[in-house]
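2 protein chains.
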Amino acid sequence: MNLSKDCIEVPLYYNIHSKEDFIFQIQCKRKPAVLRGLDIGDCCEKWSAEYLTHHIGHLEAKIHVSCESKMDFINKNFSYKTLSLAEIIKRASATIKENYFFQPQEYYYLRSLSSERRGREVSDITKQFAQIADDIVIPKFFNDDDFFSSVLRVSSEGVQLWTHYDIMDNILIQVKGRKRVVLFDPSDISYLYMEGDKSRVLDIDEPDLTLFPEFTKATKYVCTLEPGDVLFIPALWFHNTLALTYGVAVNVFWKNLDHELYDKNDFYGNKDLLPAAKALQNVENAIKLLNTLPPQYKDFYLKRCLKNIEKHLQ
Amino acid sequence: MNLSKDCIEVPLYYNIHSKEDFIFQIQCKRKPAVLRGLDIGDCCEKWSAEYLTHHIGHLEAKIHVSCESKMDFINKNFSYKTLSLAEIIKRASATIKENYFFQPQEYYYLRSLSSERRGREVSDITKQFAQIADDIVIPKFFNDDDFFSSVLRVSSEGVQLWTHYDIMDNILIQVKGRKRVVLFDPSDISYLYMEGDKSRVLDIDEPDLTLFPEFTKATKYVCTLEPGDVLFIPALWFHNTLALTYGVAVNVFWKNLDHELYDKNDFYGNKDLLPAAKALQNVENAIKLLNTLPPQYKDFYLKRCLKNIEKHLQ
Numbered sequence: 014m015n016l017s018k019d020c021i022e023v024p025l026y027y028n029i030h031s032k033e034d035f036i037f038q039i040q041c042k043r044k045p046a047v048l049r050g051l052d053i054g055d056c057c058e059k060w061s062a063e064y065l066t067h068h069i070g071h072l073e074a075k076i077h078v079s080c081e082s083k084m085d086f087i088n089k090n091f092s093y094k095t096l097s098l099a100e101i102i103k104r105a106s107a108t109i110k111e112n113y114f115f116q117p118q119e120y121y122y123l124r125s126l127s128s129e130r131r132g133r134e135v136s137d138i139t140k141q142f143a144q145i146a147d148d149i150v151i152p153k154f155f156n157d158d159d160f161f162s163s164v165l166r167v168s169s170e171g172v173q174l175w176t177h178y179d180i181m182d183n184i185l186i187q188v189k190g191r192k193r194v195v196l197f198d199p200s201d202i203s204y205l206y207m208e209g210d211k212s213r214v215l216d217i218d219e220p221d222l223t224l225f226p227e228f229t230k231a232t233k234y235v236c237t238l239e240p241g242d243v244l245f246i247p248a249l250w251f252h253n254t255l256a257l258t259y260g261v262a263v264n265v266f267w268k269n270l271d272h273e274l275y276d277k278n279d280f281y282g283n284k285d286l287l288p289a290a291k292a293l294q295n296v297e298n299a300i301k302l303l304n305t306l307p308p309q310y311k312d313f314y315l316k317r318c319l320k321n322i323e324k325h326l327q
Numbered sequence: 014m015n016l017s018k019d020c021i022e023v024p025l026y027y028n029i030h031s032k033e034d035f036i037f038q039i040q041c042k043r044k045p046a047v048l049r050g051l052d053i054g055d056c057c058e059k060w061s062a063e064y065l066t067h068h069i070g071h072l073e074a075k076i077h078v079s080c081e082s083k084m085d086f087i088n089k090n091f092s093y094k095t096l097s098l099a100e101i102i103k104r105a106s107a108t109i110k111e112n113y114f115f116q117p118q119e120y121y122y123l124r125s126l127s128s129e130r131r132g133r134e135v136s137d138i139t140k141q142f143a144q145i146a147d148d149i150v151i152p153k154f155f156n157d158d159d160f161f162s163s164v165l166r167v168s169s170e171g172v173q174l175w176t177h178y179d180i181m182d183n184i185l186i187q188v189k190g191r192k193r194v195v196l197f198d199p200s201d202i203s204y205l206y207m208e209g210d211k212s213r214v215l216d217i218d219e220p221d222l223t224l225f226p227e228f229t230k231a232t233k234y235v236c237t238l239e240p241g242d243v244l245f246i247p248a249l250w251f252h253n254t255l256a257l258t259y260g261v262a263v264n265v266f267w268k269n270l271d272h273e274l275y276d277k278n279d280f281y282g283n284k285d286l287l288p289a290a291k292a293l294q295n296v297e298n299a300i301k302l303l304n305t306l307p308p309q310y311k312d313f314y315l316k317r318c319l320k321n322i323e324k325h326l327q
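Read top to bottom, the protein sequences are chains D and G. For the first sequence, the numbering used here begins at 14 and goes up steadily by one. For the second sequence, the numbering used here begins at 14 and goes up steadily by one.
Just chain D, same shape as in the assembly (with noise of 0.2 angstroms):
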C-alpha cells in the first residue's frame, strides 16, 4: 500500500523504558505507537515452530480457517476447528499445508481462549502457556490490578483480519514474522460503514467505492510490526492487521478506566463499556418507538433525535 496523503505512518519511539515514559509520552496522547527496542524476553529468539511444538505442541485450540484470506466476521467466511498447537504452527507456517480442512493453501489464525471451555474466563497466557510464558517480559505499563488478558496470535502468510475496536488500551507484542497493521482514529467512526464494532469495509487497500464511498474520508495510520515491536493500540482505535508472514505475537489488554465501567461478562475487551451499552439500548428503544409512527413523523423525530445529539458533540 502507497502511503498517500491520506495515510500516516505510525510513529517509532526507540525510548520508552519506564512507565512513566510510557503514560507520559505515549499512553495520553491517545494515538497509536510502535515502540521498539523494548525488553521483552527471549521470546524472539526462542519461539521458534520447533521450541513452540516442544513446549506447547500437545495442547489443544480452536482456530479460525478459511480459504480466504481475508477474514470476514460479519458475513463468516471461516470455520472453526479445533487442532494441536503442534499442528497448528506446522500449518500457519507453510504457504502449502500437507494436512488441511478445505485445500492445500488455506488459511489459520489463532487467538487463544481461555482453558475453561466455554470461554467464559480471560486468556492468560501465563495459565494456558506457562510452559512458555517466562520467556516473554510484559511492559510494566500498567498497575498489576488493571491487568485484563493476554492473549497468543498465531498466524499464518497472507491472512487479514477485519478492522475492529477494542474497548482497552492494549499492547501488541511481536514475537515472530512481520505485520502490517492499519488504524483508524475512533473519530473516523463514520467513514469506516461499522456493524457493532466490526467494520463492513473488508477490502481496506481497494474498497469498492460504490458501497463505501465516505471510506475514502477515513485517515490511516499504518505500521509494519518486526519481530520484537511492540504497538500501542488505544482503546478504540479501529486496527486492521494483515501478517505479511507466519507470525506470533502476544497481545496485552488492561483495564485503563475505572473498573465498574466494564461489562464483568467481557472475556475478550470488547464489549462497549456499560454506560455506553446502555445509552445505545436507549437509542434502539428510541427508534422502536418512532417506528410505530407514520412514515413522515418517524423521520422528523428522527432527525429531532439527530439534532439533540449533535449538540452534545465536541
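Calculated from the structure, these hints are not laboratory results. Incorrect hints may have been included.
Just a few of them, taken from the derived set where beta-carbon distance is under 8 angstroms, the chain G residues facing chain D [unchecked claim]:
| no. | residue |
| --- | --- |
| 1 | I145 |
| 2 | A146 |
| 3 | L286 |
| 4 | V296 |
| 5 | P308 |
| 6 | Q309 |
| 7 | L315 |
| 8 | K320 |
| 9 | N321 |
Taking lysine to any residue and the SDA-like style, the derived pairs with C-alpha atoms no more than 25 angstroms apart in a straight line are [to be verified]:
| no. | chain 1 | residue 1 | chain 2 | residue 2 |
| --- | --- | --- | --- | --- |
| 10 | G | K83 | G | R124 |
| 11 | D | K320 | G | D19 |
| 12 | D | K320 | G | T223 |
All values derive from a computational prediction rather than experimental measurement. Where a beta carbon is used, it is the ideal one built from N, C-alpha and C, also for glycine.
Given chain D, work out where chain G should sit, using these hints.
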C-alpha cells in the same frame, strides 16, 4: 419578501367543498394549501371591532404584550396581561394606543385559552365565545370525534410569531385582516435551529447567517391570507405568521392520527406524540449516560448513536 428560488408559493385551491375533496386533494399530500371561496359563514362581514365589542367585549382574556413586533418565546420579550376583549380589540386595532402598558406603539396578541382558569382544558370558541360562535362555519374536514380545539387569534398589525410546529393537522381561518404565513417542511428541521418545538431563527426575512448559516437551506412556503381564506397547516409543518394588518382568525385543530398517540395533558396541540416524547427521553437518557465517560469515549459513542439513528432515516 421576494419569492426567491428558495421560496415556494403555497398553492391556492378554489374547488375544495367536501370532506372527500379535502382528504384526497389536500390532506393526504401532507403539504400546506390555501383554500379560497369556502363557506365559512357570516363572520367576515359581521366581526367588525364594534360587533365583537358589543357581543364579547365584556369577557376577559390573557394576551401577550410586547414592545417588539417579533415575539420571541425563547427569550420571552413579552408580558402576559389580562384585559377585556373590548379593550384588547380597541388597542390591537389601533397603531398608536390611547391606553398602553409600556409604550404607545406596542404589540398585542391574543390566543384564546379555555375558560377554566388554570388553562387545563382546550380552547373551544363555541364554549368561550358562544355569543359569536354561530357566525363562523367550521369546514367539516374531519370527524366530530377527532375535533381537538378551536382557538380565537387576534393580532395587532406587525405582530410576528416565532416559527414553531404543532402536532395536529389544523386549519387557520382568516376572518379579518391580512396575514403572511411562511411554512417549512418538517424535513427541513435540521436547518431551523430548533429549541423544542420553536425555532431560534426569529428574523426569517433577514436571518443572522453567522449564527444560523444552515437556515438558507430551508425552503420557505409562503402565502398571504385574505379575509375568508383557510390555510391548511399539516401536522409538524413549521409556520411563522406575520399580521400585515390588525386581524382576527380562528384556528381549528383535530386529531389526524390514532387518539391514543396524543398526550392527554396537551391543551395546545403542541406536545410531542407520546411515542415521540418517550423516544426523545430515551435519547436524553443516552446522552446523560455518555456524559459520564471521558470525552473521547463520549464522542465515539455519540457518533455510534448517530449512525444507528441515521440508518433508519428514509
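(message) Check the hint pairing K320/D with D19/G against an upper bound of 25 angstroms on the C-alpha distance.
(response) holds (23 angstroms)
(request) Sort out whether T223/G lies within 25 angstroms of K320/D, counting only the CA atoms. (result) The given pair, whose Cα atoms are some 19 angstroms apart, holds under the 25 angstroms limit.
(request) Identify whether the interface hint at L286/G stands, where standing means a beta carbon of chain D within less than 8 angstroms of its own. (result) holds (7 angstroms)
(message) Let's test the interface hint: is any C-beta of chain D closer than 8 angstroms to that of A146/G?
(response) violated (32 angstroms)
(message) Quick check on the hint: P308/G CB to chain D CB, less than 8 angstroms?
(response) holds (6 angstroms)
(request) Double-check L315/G for me: the hint is only fine if its C-beta lies closer than 8 angstroms to a C-beta in chain D. (result) holds (5 angstroms)
(message) Less than 8 angstroms between beta-carbons is the criterion; does K320/G satisfy it with respect to chain D?
(response) At about 6 angstroms, which falls below the 8 angstroms cut-off, the nearest Cβ of chain D leaves the hint on K320/G intact, so it holds.
(request) Using Cβ atoms only, decide whether V296/G comes closer than 8 angstroms to chain D, and label the hint accordingly. (result) holds (5 angstroms)
(request) Under 8 angstroms, Cβ to Cβ, is where N321/G needs to be relative to chain D, so tell me if that hint holds or is violated. (result) Constraint on N321/G satisfied, holds at 6 angstroms.
(message) Is the interface hint satisfied for I145/G? The criterion is a beta-carbon contact with chain D at less than 8 angstroms.
(response) violated (35 angstroms)
(request) Identify whether the interface hint at Q309/G stands, where standing means a beta carbon of chain D within less than 8 angstroms of its own. (result) Status holds, d = 6 angstroms.
(message) For K83/G and R124/G, compute the direct alpha-carbon distance and say whether it is at most 25 angstroms.
(response) holds (16 angstroms)
In this structure, the earlier hints numbered 1 and 2 are contradicted, and the remaining ones agree with it.
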